[in-house]
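Peer 1: If you want the building blocks of each chain, they are given just below.
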Amino acid sequence: MAFKVNLLDRATPAVRGRIQAFGGGNLNPVMGRAVLNLMRANFLKWNGANANKLGGPRTNLGAQFMRSTNLLILADGFVVSVNHVAARQRYEGGTIRPQRSKLLTIPAIPEAYGKRAREFNNLRFAVLNGQPALIEADATKVGFGKRGVKNKGSVGGKVFYWLAKSVTQTGDKSLLPSEQGMTDVAVQAADSFMQRQEQRGQA
Amino acid sequence: MTLSSPIPFRDALKRHDVRQVLPTNMTTAELRELDQAILDRSFWSAQNTITSALDELKSGVREILNPETKTRLGADGQPESYTAGTDVATVRLKAKELYRKLGYEAEQPGTILDHSSDARINLVVKTNVEVAQGYGNWRASQDPAILDEWPAQELIRAEERDQKRDWLQRFRLAGQMSGRTDGWTVEGGRMVALKNHPLWERLGDPALFEDGLGNPYPPFAFNSGMDVQDVDRDQAMALGIIDRDTQIEPQQGSFEKEAA
Numbered sequence: 001m002a003f004k005v006n007l008l009d010r011a012t013p014a015v016r017g018r019i020q021a022f023g024g025g026n027l028n029p030v031m032g033r034a035v036l037n038l039m040r041a042n043f044l045k046w047n048g049a050n051a052n053k054l055g056g057p058r059t060n061l062g063a064q065f066m067r068s069t070n071l072l073i074l075a076d077g078f079v080v081s082v083n084h085v086a087a088r089q090r091y092e093g094g095t096i097r098p099q100r101s102k103l104l105t106i107p108a109i110p111e112a113y114g115k116r117a118r119e120f121n122n123l124r125f126a127v128l129n130g131q132p133a134l135i136e137a138d139a140t141k142v143g144f145g146k147r148g149v150k151n152k153g154s155v156g157g158k159v160f161y162w163l164a165k166s167v168t169q170t171g172d173k174s175l176l177p178s179e180q181g182m183t184d185v186a187v188q189a190a191d192s193f194m195q196r197q198e199q200r201g202q203a
Numbered sequence: 204m205t206l207s208s209p210i211p212f213r214d215a216l217k218r219h220d221v222r223q224v225l226p227t228n229m230t231t232a233e234l235r236e237l238d239q240a241i242l243d244r245s246f247w248s249a250q251n252t253i254t255s256a257l258d259e260l261k262s263g264v265r266e267i268l269n270p271e272t273k274t275r276l277g278a279d280g281q282p283e284s285y286t287a288g289t290d291v292a293t294v295r296l297k298a299k300e301l302y303r304k305l306g307y308e309a310e311q312p313g314t315i316l317d318h319s320s321d322a323r324i325n326l327v328v329k330t331n332v333e334v335a336q337g338y339g340n341w342r343a344s345q346d347p348a349i350l351d352e353w354p355a356q357e358l359i360r361a362e363e364r365d366q367k368r369d370w371l372q373r374f375r376l377a378g379q380m381s382g383r384t385d386g387w388t389v390e391g392g393r394m395v396a397l398k399n400h401p402l403w404e405r406l407g408d409p410a411l412f413e414d415g416l417g418n419p420y421p422p423f424a425f426n427s428g429m430d431v432q433d434v435d436r437d438q439a440m441a442l443g444i445i446d447r448d449t450q451i452e453p454q455q456g457s458f459e460k461e462a463a
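If you're matching them up, the sequences are chains E and F in order.
The numbering of the first sequence is the working numbering, which starts it at 1 and goes up by one.
The numbering of the second sequence is the working numbering, which starts it at 204 and goes up by one.
Quick caveat, the hints were computed from the structure, so don't treat them as lab data.
Computed from a prediction, not measured in an experiment: that's the story for all the values here.
The beta-carbon is built from N, C-alpha and C at its ideal position, and this holds for glycine as well.
Worth double-checking, as some hints may not be accurate.
Some, not all, of what chain E presents toward chain F, calculated at C-beta under 7 Å [said to hold, decoys possible]:
| # | residue |
| --- | --- |
| 1 | Pro-29 |
| 2 | Leu-71 |
| 3 | Ser-81 |
| 4 | Asn-83 |
| 5 | Lys-158 |
| 6 | Trp-162 |
| 7 | Met-194 |
| 8 | Gln-195 |
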């Protein structure tokens, strides 16, 4: 996802006037970087607060979003982009439909999280209480000790994935800072930059 | 603020696209003996000579870096936009299927030496994605106005690890080996240095740290979980590593210098 930011619309007239008098375009890299930094910090904070729902090894999605965030400076503002396939869906929510197959696979256990169903070679299709699923195929489990077979049992039946034609998710607006928050950091950075130039006699 | 399609992460893509697939039977240690300029322009995985697999992985990394907005018909028959792209799991699956099709058999199945193992594929894909993104962020920060306002950066942990390297010790050593006593600090446990300080090259230097990736930008080492965040001039002045007026000179990436 990406969004074009023209923060000056949200700044006070006095600040807007000062920035425009300084030469607003020269400040776009500074204001843009301030917003980028705020977004990166927000993603990192979100990452710390949002582990995988099922537990298991972390995918660190927030950190992925952070690293994917980049900036394009324009003449009249800047665009901040989060180049990650899952970013917009997480932020806005909405309905997910399969891209490459007929059904979505929704992890049911920690071991399935972050993996594709086809990476397992022991899953079979089943319908449980009317819900299609991929479950562990029945098999004999054999353990070996020093003197041969130590234990013998069976495995199977554990649901790895539930299957669905679509899934509707609620968006998570905490993923991004507020527009006012972004305006504030951009204006603060612009102010700091302008003051320094003035102190150096370069304004 | 209007949400729209992502814009390409140009610098990250540039970093990735310049690499040519390099099938090799060399170990990581042997590859490290090569000139960094060669490694910068190569897409490699130690002791992987399977060109088609490397092509698949390189292409997968690019798709991760560059998701696109596309349109399709929704359930109601109306056009709807969606983000088309891929993720590590999908790239891993495609790579595994290719190795299976090629009849690849690992000498030590399931280990990091097994090119078709989760651990190995994850390492190759994540490292290449993160190096490209780390370069992109570094490159963008070379704007003179940005360097003026944020002349320094701090080494931070972005992802937790069960077993953490001692980054404070590494940072100190990198500072000592940088040849400069100024421009960096570990005050209060924070690891801060001026941007483009030689410390950052030392921090990623495989001659100093055998897991180093040879770049002055994150992730610095294999599977490190580390990143950087900007430190503004006021803070950097308070830490004593810069004054009000000193300017940091912008730099080019090593592979850009080659091209120039």
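Peer 1: Using 7 Å as the Cβ threshold, decide whether E/Ser-81 counts as touching chain F.
Peer 2: holds, 4 Å
Peer 1: Does E/Gln-195 hold up as a contact with chain F if the rule is Cβ-Cβ below 7 Å?
Peer 2: violated, 10 Å
Peer 1: Would the hint on E/Asn-83 be counted as holding, given a Cβ-Cβ threshold of 7 Å to chain F?
Peer 2: holds, 5 Å
Peer 1: Holds or violated: is the Cβ of E/Leu-71 closer than 7 Å to a Cβ in chain F?
Peer 2: Hint on E/Leu-71: holds, closest Cβ of chain F at ~6 Å, below 7 Å.
Peer 1: For the restraint on E/Trp-162, tell me whether the closest CB of chain F is nearer than 7 Å.
Peer 2: violated, 17 Å
Peer 1: Does the CB of E/Pro-29 sit less than 7 Å away from some CB of chain F?
Peer 2: holds, 5 Å
Peer 1: Take the shortest C-beta to C-beta distance between E/Met-194 and chain F; is it under 7 Å?
Peer 2: violated, 10 Å
Peer 1: Per the CB criterion, is E/Lys-158 less than 7 Å away from chain F?
Peer 2: violated, 19 Å
In this structure, the earlier hints numbered 5, 6, 7 and 8 are contradicted, and the remaining ones agree with it.
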